[in-house]
Each structure stands twice: as C-alpha cells, then as structure tokens.
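2 protein chains.
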Amino acid sequence: MYKKIDKNDIDFLIKVCGKEEVIVGEDISEDFSHDELGGVEKYPEVLVYANSTEQVSEIMKYSYEKNIPVTPRGQGTGLVGAAVAINGGIMLNLSKMNKILELDEENLTLTVEPGVLLMTIGQYVQEKDLFYPPDPGEKSATIAGNINTNAGGMRAVKYGVTRDYVRGLEVVLPTGEIINVGGKVVKNSSGYSIKDLIVGSEGTLGIVTKAILKLLPLPKKDISLLVPFPNLTQAIETVPKIIKSKSIPTAIEFMERDVILAAEEFLGKKFPDNTSDAYLLLKFDGNSKEEIEKEYENVAHLCLDNDAYDVFISDTQERNESIWSARGAFLEAIKASTTEIDECDVVVPRDKVAEFIRYTHDLQKELNVRIKSFGHAGDGNLHVYTLRDEMDAETWELKLKQSFDCMYKKSRELRGQVSGEHGIGYAKKEYLHESQNEPYMNLIKNIKVAFDPKNILNPGKIY
Amino acid sequence: MYKKIDKNDIDFLIKVCGKEEVIVGEDISEDFSHDELGGVEKYPEVLVYANSTEQVSEIMKYSYEKNIPVTPRGQGTGLVGAAVAINGGIMLNLSKMNKILELDEENLTLTVEPGVLLMTIGQYVQEKDLFYPPDPGEKSATIAGNINTNAGGMRAVKYGVTRDYVRGLEVVLPTGEIINVGGKVVKNSSGYSIKDLIVGSEGTLGIVTKAILKLLPLPKKDISLLVPFPNLTQAIETVPKIIKSKSIPTAIEFMERDVILAAEEFLGKKFPDNTSDAYLLLKFDGNSKEEIEKEYENVAHLCLDNDAYDVFISDTQERNESIWSARGAFLEAIKASTTEIDECDVVVPRDKVAEFIRYTHDLQKELNVRIKSFGHAGDGNLHVYTLRDEMDAETWELKLKQSFDCMYKKSRELRGQVSGEHGIGYAKKEYLHESQNEPYMNLIKNIKVAFDPKNILNPGKIY
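Just so you know, the protein sequences line up as chains A and B, in that order.
My numbering numbers the first residue of the first sequence as 53 and each following residue consecutively.
My numbering numbers the first residue of the second sequence as 53 and each following residue consecutively.
Extracted from the complex, chain A is given alone in its bound form (with noise of 0.2 Å):
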C-alpha cells in the first residue's frame, strides 16, 4: 500500500538535508528500531535529521505526494511504540533542531525548537528565576515527545500537566502546510482549539516543529515530607483527605517498600527510611520558609491523624535530592531488576488508587507473576508493571496479556482511563478501543483523517 522508500528517494532527502543527515539500511543504529519499550520492533527504511521547519515541511510535501510513510522521533525514550516505523518508510528525527530560540520574560513564554530536553529547558529556565512546572520522570525527552504525550509527572497535583504549559505550536501537517496554533497570550477562544488536538496526538496529526510554552516565577524554596505507613491502603486513602485540606502539595507519590529496595539496590544508596510498608512522599513550594511550615504542619499532622508512624521532614536540597533521585530511578530499578518488563499507565479516580493497587496485589497472586507498582497519589496516574523474569516467551506473552487484560478491565471498572501520561501509541491501541464505544473511535478516525488524509503521518498509532 505505501511506496517503497527507491535511490530517487534518498536523493531527494539528500538535497534537502544534506548527505551526512540520511542514514539508510545497515547504517541506522538499532536504537531506532523500538523505543524505551520492548516487543515492538522495526527498522525505518531511512533515516533522516530535519534541521528546520523548512526542510520537514519539504520532506513531508514529498512523501505526501509519494505515499511514504513517516515517523516523527524525538528521544525514543516513549514507552508505547509511538515512535516506532512500523510500516518502515521514513523516520524523521527532530533532535537535531533543538535551539532555545526566545526568552521573553514580559510575557514568561519561553519559545523552543521540538529538539530541546526537558531538563536543558528546567536549568536554562531556572537560572532566570523562572519555572517550567512539568517534571516527567524522564528529563532526557524532547519537549515535543512531552507535548506529543501530554507528559504529566510529579508537579501535576499542583501545577498541571503539559498541555497547560503549552500556549502556541509551529505545525507541519502531514501535507507539508505550516500552520500556527495559540501564540504568546494567555487565553484564546478562537475557533476549535486546535492546539489542544496536537498536544497528545502522538505524532499522527502534524510534526511540532516550535513551540511556545508559559513559564512561572521560580519558587523560592521547597520541602519534602517522607510519610510511612501501616499499609498502602491508609497510605493512599488519606490523599483526598490532604487535597481537601486547602493546603495544596506539589506533589504526592506513593511508594511501596520492595520499589524502594529495589531502588536502593540500583542506586546503591540508602533510601532515609526502608522499613515500612507503604509511603507517602510530598513536595511543598513557596516563596518563604513560614509559607510551606504552615503548609505542611498541617498536612502532616492530618497523616499522623490517620495511622502515619511517623514524618521526615527533608529541607535541604541535599537531602531533598536523594530522595527524589530514587524516586526518578523506580522505572530503571525495577527494570533492573528483572528481564523485561510492561507497564500499565492507566489513570483512576483519586478515591479508586487504593481499590486499583490493592486488585494489582492480588493479581499476583492469582496469575503467579510479579506485578510492581509505584505512582503518583495526588492525580491518580498509577504506573504497575508487569515482570517477566525467567518466563520463556510464550508464557511471557500470556501472563503479560492476561495481566493487562484484567487490569484495564478494573480500571474501566473504576472510571479510569487507558492511559494518564505515556500515550497509547502502538501497544495499548486494544485497550483504547475496549474502553470507548464505537460512535467516540469513528470520531478518532475522523480527526485522523481530517489531517491526514492519506494515512502517511505515524500510520498504525493511537487507532
């Protein structure tokens, strides 16, 4: 069905980028075959690096015209195959262009190139004194593989995820137009908000090619609050009672003692506490020292008020570091601590996690494999991973989509949705379609093909 990548191909992308930017056959790095998830594998056809709006606008034009296949990649630090060219074709890197283009501290908007990492953006931000709130645990992404997810991370509960952080975009459709949706104001209510189509779309309705995100003033100080508990459950069930408090934390994680063993196995460093259950881990920010003790005083007592043990205080920025460093090396530890893994992104009703985490548990049991879990309380977005440790691989494949089977089942149950912040992408597209009705999947397809008419842009993704 789609065009064959031919040596008149390649020239054309050669005139257009130049040669040391196409990469073809043997020469393309396995790493471009899968992203960060397993099981899902191919090669692209070629490989190109883009190096302004111009040439992915000429790029797509042409493939337009031709019928190819492309698939825009950023990191591939995705966990669902979004970035993955499963129809072959071309893969079409972004990383090249990653300039920080403006700075514009009247309006706190700061306007990048798709390219740019997350954590180059929170240093180069921060020693302005400002603020990119959105902290996915993976700061080595692209800002646009985070606005193409709607990365959410630990900030969420207080700040919102990317998608608010996002005020314009510089789009090529898949036909090569150049169009610009939202821009430096703060409100917009001017025709259908196209901008909020391409945040999340994965790269299947236009290639973000720029980007204008809103910044806030930096607060000045923060302070964390390690919590310990009997169980998961009190843990977790006092996390609407926190958010009722009027005290708002940054952040509200949830933690399980073997995740942090296995962290600190990983890091080979001590965790300030181990030997508890269940955890709660909260984040306060201010702008003073009074401000966030008011804050937390009150949230802290409110857990010792529900069966906590205890609550370590952290406010240096030393300590504050170790524990949010292990915190950002679950994902690796548990990694690390098997053969391979699957994860389950699915997002919940605040009040439902414990219901969801207590089912994950029994799950276990029940299929005999190893399901571990870690995530973020305070918006429900729960990360459970399935292990496969020494399964072959027919086993592995059932175990693991029996587990997924029953857990998007429980979740659906629940009023969740298939996925919190890593997308659908190729692998979870099953899932997707079990939890919506056939009326909301038509108009997926609809959108689709209002962009994209010809099916050419990251084909195969999302439905």
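Hints listed in this document are in silico derivations from the structure and should not be mistaken for laboratory results.
Copies of the same chain look alike in the list, so a pair counts if it fits in one copy or across any two.
Listed below are the simulated EDC-like cross-link pairs for lysine to aspartate or glutamate, each with C-alpha atoms no more than 16 Å apart in a straight line: (1) Lys293 with Asp181; (2) Lys266 with Asp216; (3) Lys296 with Asp156.
Assemble chain B onto chain A, guided by the hints.
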C-alpha cells in the same frame, strides 16, 4: 438546502418532549431571535425544551436523518450570535436541564446538567467550602454556554479558564450518538483530546448534556487593591512586573476614568475613587491574612515604585463587593450610555495591552466615533466597545466596520487572537478567517465535517 419544519416534525417533537415543551411560530418569544449582540436576528421555526440526554439524542437522530438544522441554546447571554438560529429549523433549548447531579468530595468534582447557571454553581460549592474558579462577568450564563465559549473571566490570571476546570463531558453528536469524554480523572493521555475540542466549539460539534467540573478548596480570605495611576500606559506597563514578582494575584483588571463614571451613573453608587485617569484593580486570595498581606504589600510597593498615586486596600466583604460589582457592571453601564454597541474581544500578549489601548484612543479621534474599553490586564484579554450614539443605520454600519477592521488588524500585528473568551459565533467569522492561513481554515472545516458531515448542528458559525 435544509428541510423546512412541517407538521410531521412538530408531531415528532411533541411525541419526544411533550406538548408544553414545543413552541411554534408566533408563540416564540422575541428573546429567542437573538442573543446579547445586536444586529444578528432570526427566529427558529420551532423552539423545543429538552429535559434529558435521551430527548436530545432522539431529536438529533431525527434532525440528522431529515436534514433539519439545530441550534443549541442556553440563556442566550452570548455576544457573537452563536446561539441564533440563522438557518431557522429547531432551536434546542437546554435551560431546563438544570440539575446539579453530584458533588464528589473525595475527587473534588461537581457533575452538572448543561443548563445550570454559573451563579448557582458558585453559591452551591461555596456553601460546601469549595470553589469553582472561572468567573466571567455574566453570572446568569449556563455552564454549557461557558464551556462552549471556553469562558475566561477575572480570575484567569491565577486560576486559568473554563477549559482548565472541565474534567469530563457527556456529548450528543450531530448524528444523535452519545459519547463520554474524560471523566473524574485528573490526567489523561488516551487518544486525541476530544474534550478539549468540544470546549470552545460554540455548539457546532456536539451538544454538551452533562459536565464533570473540577473544584478547588475555597480560599479563606481575599483582599482587593485599587491602584490609581497618572495614565493608562503607566498602569498597564506595571502589569508584567507584577506577574514576574512571584506574587500571583487572582485578578488584574484595568479601567479608565470615563468607564468608572459611566458605572457610577448606571449603578447610582460611588466608586471608592474616580479622580485619576487610569486604575489597576487587583485581587489576592489565600488561606490567611498574613499570607495575603505579604503578597499584596510586595505588589503595593511595586506599584508605588512605578508612579502609582496611591494604593487603596479593601479587606472587608462589603467594600470588596462594592468595587467588584461596579467592575461587573461596566458592560451594562457602557450599553446604557449609548443606543447600541458592538464588542471586540481580542486577546494580545500581556506586554502589548498598553499599545493596543493607545491605538484605540487614537482611532476614536481618527474615525470620530466613541470607543470604550476595559478588561483583563493580567491576561491580555480586552473588551473594546464601539458606540453607536446618534448615528443613522448607514453611518453606524460604516463606522463599526471601519473601527473593527482597524482593531482586528492591529491585534494581528501584535500577534493577538480574534477572541479571548467570547468566541467567534456568527459575527466574528470574517476576522477569524483573516487571522489564519488557508491550511488552518481547511482544518477547521475538516474537523467540523468529521463530527457533522451534513452540517446540521449550529451551521454557519465559526467558519
């Protein structure tokens, strides 16, 4: 092109909704031939009150099959003709679906029917010590009207706009099919954000029949500052400095002396001060007097350093209400001061507000027409009114067109957008078209077709 309503259609509507809910011909009140905008007038052929999602669905299925245009209607408080039945057909009035369905105190959500009034929501949640932040001036609008225009209001500086508080929607599609988007979950990356496409779509993509809103804990205290400046430029140029100062006000409004005088006359009440040419009006909220004091003292000094004459602090409920009710009456006061008005609701980057307002001052003189404005200095959303006064119809049409052409052109130059919060509707289509390129407008059209291939739902609006 569209089918005209006949006796069979009326009989069908009576069968679905009951005789008393179906109003035909001369029994339709003049109110339903227009919204709050003058100049766009047309009666529907039949007015129907729906009382359930199922009724809405049945009417849409029938209309889709028969090719009858349907205009959804709430309280008709819009300012761009979006709820006027410009093609006749059925006006589907949702104002009787006005029940609050559920307050979920664990997840801090409120589930409501579309016809609940904004003021009802505000009062209801306040009694439970909770807070629905969006705060447009028109409190008698329905929540579905607010959702369909992505209404902003005065608290957008700190709290964002309606979009940020819509967690989930039940929507009847033009075909009569029913979908649910989002839910009580806080994060969501599960396919294209259809929820965000419906928000701000002015009733052209689907009919909102239920909404799940996000609530916050109610801040315990608020304080307002009224700050007189020598002139508007100095007032407005202080705003970006306030935003950067780490003290985040809930609201930053600007106003000029002549608008204050008009409001005093309209309300028959004195404003705390009317001796200066220009004012900023700020609000701060928080959970303690000390916390707020620290914030506002900082900002008060900043204003005085930037040539403010004085800072009037209002910390009693009574004084706050008198100031903000005067602010809330500006639109009515301007209306009462002339024969007819039309409004330009542009939003420009925050640092361009002063330039835009200076431009409208010059334009008054150039065109010899009165132009009055006030608005949200904190988010760049301006409400600028051209006044008819004693002009004859022909002169008014000409002057209005001239002034609007100039103002929208100026807004485009400043990289603003056509509408900050009132939408495009019927009246501003031309200016949306001028502000966007052809690929963008094609997308708008394609998205409409994706939802409504027969173009029967609120046709002739937005594009």
